[in-house]
Every structure is written in structure tokens, then in C-alpha cells.
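Each chain, written out:
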Amino acid sequence: MSLLRKIRDTGRVAEPAPPRPEQEPPAAARELGGSVQVRHVDAGSCNGCEIEIGAAFGPVYDAERYGARLVASPRHADVAMVTGPVTRNMAEPLRRTVAAMAQPRLVLAVGDCAMNCGEFAGGYGVEGAVGDVVPVDVSVAGCPPEPDKIVAALRSVTGR
Amino acid sequence: MNTVGAALAAAVGFAAVAAAAGMWLPLRARVPVAGACTAALGAAGLAAGVAALGGRTWSADLPDLLPLAGVHLAVDALSGVFMAVAGAVVLAVGVYGIGYAGGHDLSSRGVQAVLPGFALTLILVPAAASVSTFLALWELMALTSLALVVAEHRQRSAVREAGLWYAVMTHMGLVLLLVGLAWFAAGAGGESFPALRAGAAAMSPTARNSVFVLAGLGFASKAGMVPLHAWLPRAHPEAPSHVSALMSAAMVNLGVYGIIRLGLDLLGGGPRWWWWLVLATGAVSAVYGILQAAVATDLKRLLAYSTSENLGLVLVGVGAAGMFNAAGDRPLAALALAAALLHTVNHAAFKALLFCAAGSVLHATGLRDLDKLGGLRARMPVTAGLFAVAALGAVALPPGNGFTSEWLLLQALMHGLAVPGVSTAIVLPVAVAAIALSAGLAAAVFVKALGVGFFARPRSTQAAGAHESPPTMLAGMGLLALACAALALAPGALAPGLVRAGAAAGLSDVRPVSGEGLQLRLTQVSGSLWPLWIAGALAVMMAAVSGLTRGLSRRRRRTQARLWDCGGGAPTPRMAYTATSFAEPLQRVFDDVLAPEQDVDVTPVRESAYLVERVRFHSRVPDRIEHRLYRPVLNGLSNLGIAARRLATGSVHAYLGYGFCTLVTLLVVLAVMQ
Chain H
1 MSLLRKIRDT GRVAEPAPPR PEQEPPAAAR ELGGSVQVRH VDAGSCNGCE IEIGAAFGPV
61 YDAERYGARL VASPRHADVA MVTGPVTRNM AEPLRRTVAA MAQPRLVLAV GDCAMNCGEF
121 AGGYGVEGAV GDVVPVDVSV AGCPPEPDKI VAALRSVTGR
Chain S
1 MNTVGAALAA AVGFAAVAAA AGMWLPLRAR VPVAGACTAA LGAAGLAAGV AALGGRTWSA
61 DLPDLLPLAG VHLAVDALSG VFMAVAGAVV LAVGVYGIGY AGGHDLSSRG VQAVLPGFAL
121 TLILVPAAAS VSTFLALWEL MALTSLALVV AEHRQRSAVR EAGLWYAVMT HMGLVLLLVG
181 LAWFAAGAGG ESFPALRAGA AAMSPTARNS VFVLAGLGFA SKAGMVPLHA WLPRAHPEAP
241 SHVSALMSAA MVNLGVYGII RLGLDLLGGG PRWWWWLVLA TGAVSAVYGI LQAAVATDLK
301 RLLAYSTSEN LGLVLVGVGA AGMFNAAGDR PLAALALAAA LLHTVNHAAF KALLFCAAGS
361 VLHATGLRDL DKLGGLRARM PVTAGLFAVA ALGAVALPPG NGFTSEWLLL QALMHGLAVP
421 GVSTAIVLPV AVAAIALSAG LAAAVFVKAL GVGFFARPRS TQAAGAHESP PTMLAGMGLL
481 ALACAALALA PGALAPGLVR AGAAAGLSDV RPVSGEGLQL RLTQVSGSLW PLWIAGALAV
541 MMAAVSGLTR GLSRRRRRTQ ARLWDCGGGA PTPRMAYTAT SFAEPLQRVF DDVLAPEQDV
601 DVTPVRESAY LVERVRFHSR VPDRIEHRLY RPVLNGLSNL GIAARRLATG SVHAYLGYGF
661 CTLVTLLVVL AVMQ
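Protein chains in written order, with this note's numbering: chain H, 1 to 160; chain S, 1 to 674.
Excised from the complex, chain H in its bound form (with noise of 0.2 Å):
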């Protein structure tokens, strides 16, 4: 009883949809047909990304509702979410991570780190951007990007 009449009492929390993206999905993202599966790779980062992915995930901005969703495997994924400069331990495995997903597939880079390395460029133990790793398709600045900006890439690749 608590459960309902807490949900009775918090209401609807999330934020407003804001409009449709303007632009068409990528060309690989249409045959998605508005559902994407998305897994997320930690490729190096300092955290600050994934507490951003998992307010975007969250109750208030809801990624859910337009169509992307969190997966355990890349072997069940359409977009690979990457995060962070990519290490030297870590290039290898997102190679690998990219390559066990099947095709159409997309590589949406999240945080500054992860489109030029950001604060840790030229560290001794960085491989590079991801863009040097794997092609990127879709990108999201900021350090950390805000919520809604991770939404509104998702969208970019769901459509919807």
C-alpha cells in the first residue's frame, strides 16, 4: 500500500517532452524503426558522464519514453554509448565491444573526453579520442554534457 500511495503522492515527476528533433535519423538508424537498444561502454572516464547518463535514464528526463533503452550486452545492442578518452587497457575492448554488435550500428560519443580527450590529452596512459578508436556517428559535447543534451542525441538517432 506505501508503494501506491507513494506513487500517489510524488505525481508525475518527469520533465515535458520537448518538440520532435527537426533533422531525419541517420541513415543506419532508420531500419531501428524508432526502438534502440544502447549499451553503454566506460572507455577511460572520470565517472561524471555516467552519473549524467544515469540521470538521463532517470525518472525526470525518462530517455525511455522516446525509444532508447539500456541493454546488458553488446550482443543485444544498437548503439554503443561511449564514454571517456580511451585508455590503452580499454582500446582493445571497445574495439571488440563495437565489432560484437550487430548490423545497422552506431557509435554515439558522450563528453568532451570522449570527441578529443578533453582534460586528459596527451596522458601517458590515453590511446586517444574515440573517434581514433572506432567511427563516431553521433556526438555529445560538454564536460559533463547535461541530461537533456544526452537525451536529445538519443532522439537524434531514434527519430521519435
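Don't read these hints as lab results, they were simulated from the structure.
Backbone N, C-alpha and C fix where the C-beta goes; we use that ideal spot for every residue, glycine too.
Take the hints with a grain of salt, since some may be wrong.
[As the list claims (entries may be wrong)] Some but not every residue of chain S turned toward chain H, in silico, with C-beta under 10 Å: (1) W530; (2) A561; (3) R562; (4) W564; (5) D565; (6) G567; (7) G568.
Given chain H, put chain S in place with the hints provided.
Quick look at chain S alone, frame taken from chain H:
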């Protein structure tokens, strides 16, 4: 002299030639000649057994062969079953042994000369027809097998310990038999089996009960029944594999033979509680044996415990037969006995093959530890296939050969509920549950043995370097596999022989089972089975499923992809299931019964107690009955020995004093008793 006598004479002749060849031929000729003669001896024994099953009887008195008592032999259909089983196993093992014994200690004069003797006693024990002949052959069998068990004592010290256990336990069994049968002979007024049969009715119930319990304990220890099984999981793994096959498939059966011959035939049935005891022992052994097999990691030890389980199932059948007989339901008793005998035959076929295949693995890799094996299917495909055939028989699922006999056994027990009495109403459902539990666990055990031992990737360099066995070993195993297949597809052919064996055991002339063509039909109760149809239907279904999946997969485009390994390295053999990890859930379920021991030993570095240098994890499942029952006795005996050492002070005067005191005491006792 009819067929049986001629075949037995031929067997004795072949045994003599084989022993002489083993003793005197040079090394290169010794093993093939002795092996061929042993195989011929087995074939002769098989012929004698089959002829006896066909209804021929034979008896002979050789008064000059043994001093005082002479030798009395008689063969009927009941002897025939055990003789044929022993003969068939000896035939296959003789061929197998030629390849197996090549090389090391096993080609020595001693082993090659003793093996035919052991094989001959296996065939002759069921033919004995007097107490003295039986005991002499029984002891000869124990001694020759003991010599063979310790054949490899130079290589491993465990062999010596196993030999000691076996020697002590088999001779304690002999003492029980000796006391029981001598009591019987004294009470019945004659030591030949006909005299015992005639005199048993006149004995007092106490004497008959004592005879059955004493001799039954001796026989049960030979059959590896809990709690007298302690020798079995030691002697079977440490003996050379072809000897293990002989012991496990032919020798332990003679314990069952003894119980049937003594209880049903010579003592003529007896009260219900005897058979209640036999059935309970069998059921407990079946469940306990298969549980221990489930957690065993040594392949041959696993097979040894499985022997304990299967002989337990046989004794459940024998016990049920005795109970029904005591209740006056002869047809049902004959059915239960037929099921027990059929299971004996089936068990011999698949267990001999399993031990030979385990020997083949041992020959190729030098390993018995399932945790270190693996990947043998690609390296020894024939052995793996033969092991799979035998494992299918052992799990008691169709189309394996063990299925038919366990089905018969369950039929007998379920129809037995019609027999009046409170004890049957309680005992029979419990026995059915025990059989079901042991059959289920047996499936897990043999999936483990086959899957962990032969599939996946090799977990040691020895297993990676395995090679297929020589053709003679494969030929011997092939014979056994043929026997398994024949027993699985057409068990009906054995039905007339089993009926005659039941009649020879004193269950009169009812025909509980008949084999009409390919059908096995129960004539007294409703029930029939078409093993060939089941096998055919299964084969058709498997072909259909595999054809369908292939046909469907061919339409789609195939791509080669790397296995998803979470981005890390490729899976290593260390990640594969081992025998220990496979059995862990079962071990957890039966935690209270098995009482596994686990020990974690953490060694910190010298500088700080918080930094760990080494962690050692140790886990083992000791045989709990052995632990609880034998350890206190052994400790007590050794304490007694230490205490007795105080008597031996080294002083001659004290020793003279002991002699004097003993003499005086004896004289006083005699004077008082006079």
C-alpha cells in the same frame, strides 16, 4: 559330459595354457599369447553359461582333487547367468589386456600368470556345489584378485594402501562366510548343496537366521554394499584397468549370486525380514553410492561408486523377490528376480566398457583426475564414442541398456503394492523413490564424466597430448559395446534364460517375462516394452530435429564472428567446467549427507598482517561412513597395539612368565570345566 562340462573343461585347459604362457614365454610373445588364451577361456565360460541358460544342467564329483572333502561342481541356469556374464567380460578383457599390458609392470610374469587364474575362478565360483569347494574357489578368487590389485605397487604408494584395505576386508568377509556356511553345514548334516537344501528345513529358526545374516554380510561386503564398501573405491581405482573391469563387472556380481543361492535356493526363502534387510541395504547403497560418485573427481573412483549403486539396485530387486516369495506371490517374485538378474547382466556390460574406456584414457594420458582431463573427444574419438555408449547404458534412460532392467525393476516394485502387509506398503514406495533418486543422480554423474572428461578443451598438457589406444584395446571395448547395444535393443532374447534362472533359484515354474520377437512382455502383470521401437523412434526424432535445423540454417547467410567474451581475452581452459565445479550445486543440495570439508588458509606477508601473500583453498568430500565407522575402529586397534607393546619388555624372564601363566590358567579352566 555335455556342452556345459566340455566348455568348462576347455576353460580350465585354456587357463592352464594362458598361465603357462604368462609364466614361461619371453616378453614379446607373453602378452599376446596369454591374452589370446584368456580370451578363449572367457569364450569357453560364455559358452558354458549360455548352454546352462538354455536349460542344460551338469554336475561332477571329483573326490581326489581336494583332500578330505573333494570337489563338487554343479551348473544350473542360475549359475549360468553369472557364468555367462563372467565369461563374456573375460573374453572382452582378454583381448583388451593385450594392448593395455604392453610395456610397464603389467607384462611381468607374475601378473600375466595370475590373471587367467583369476578369470577362471570367476567362471567356476558359480559352479561350486559344496561348501568346501565354494569357499576354496572364493578364497582363490580373492587371493588372485589381490595379487592383481597390487600389480602396480612400485609406481604408486596408494596401491599398497588399497591392497591392504582390500586384503583385510575381503578376508573379514571370508571369515563371516566361513562361520556362516560351516554352521549351516553342521546344522544340515552335510556340506554338499543338495544336502544343505534337504537339511535346511529341519534347522532351528535361530540357526537359519544366523546363517543368513553372517553369510549375507560376507556376500554384501563382496558386492560393495554400504557400509562394507570401503575397499571398493580404493581397490578399483588403484587396480590396473582391465582388472578393475573384471572385478567390477564380474567379481562383485558373485556377492549377489551368493545371496540368491543361499537365501532363496539353499535356505528356501526364509522370513520376510531377511529380504527387508537385503532391500534396505540395496536402497541405501544405491543412493549413497551414486551421491559419492556425483562428487568424485577421480574417474575410476566415480565408476567404483557407481558399481556400488548398481549392485544396490540389483539387491533391491533380490530383496523384493525374497519379500514377494515370503508373502507367497511367486509370479511377482520371479519378475523381481528376473529384473535383478537382467540388471546384473546390463551393469556388467556397461561397467566393463566404462572401466576399459577409463583405462584407455589412463593409458593415453596417465591421468584419472577429471579436473585435469578434457578435450579427449577430438584426440581419442573411438574411446570417447565407446564411453558415450556405456554412459548411455549407465544413466538408465532409453535407448540405453540400463533402462530396460530398471523399468522391469520398477514394474515389479509397483505391482508389489498388491502384496498384503504393512511392511510392503511402506518399504516398496520408499524403494521406488530411492531408485528414482539414484537414476536421476546417475544422469548427472555420467553427464559429468563424459562432458568434463571428453568434451571442451584439455586442461593439462598430458590431456592435450593424448592419442588413440592400440587396436586390440579398441577391439575389446568394441565387443563390450556390441553387447551393450544388443542388450539395449533385444533384451527379450534373454527372457527364457532368466525365467529358467528364477526356477533354479526355487521360484518354481512361473514365467514372469517373455520375449516375443522384439517385445519384452510381462506375462503375470500387464506391461510390455518394445526397446527397438523406442530406439528407432528416438533416432528418427533426432534425425528430424538435426535435419530441420540444418535445413533452416542453410537458408540464411552465415558470418563468422568472434565469441563475445566481455571484451577480455579469449576463454581459457581454466574457465571451463571442471568435475568439482559441475558437482558443486549437487554437493550443496546434499550438504548434510555428504558433509564436505573446506579449509581456507591465508598467509599474510611478514611485514603486515593486512597484506596477503598467499591464499590456499582446500576442499574435499570424505566418505562419511568410512570416516565415522572405520576410523574409530582403526584408531582403537592401533591404540591397543601400542598398549600391548608394553607387554614386550625384551626380558626373557617375563616371556617365560607369560607362558607359565597361560599354561596354568588353561589347566585351571580345563579342570573347572571337566
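To see whether the hints hold, each was checked on the structure:
1. W530: At about 45 Å, which exceeds the 10 Å cut-off, the nearest Cβ of chain H leaves the hint on W530/S violated.
2. A561: Interface hint status for A561/S: holds (7 Å vs cutoff 10 Å).
3. R562: With Cβ-Cβ at 7 Å, under 10 Å, it holds.
4. W564: 5 Å, holds
5. D565: Since chain H brings a Cβ to about 8 Å from D565/S, closer than 10 Å, the hint holds.
6. G567: Given a least distance of 3 Å, the restraint on G567/S holds.
7. G568: 7 Å, holds
Hint 1 from the earlier list is the only one contradicted by this structure; the remaining hints agree with it.
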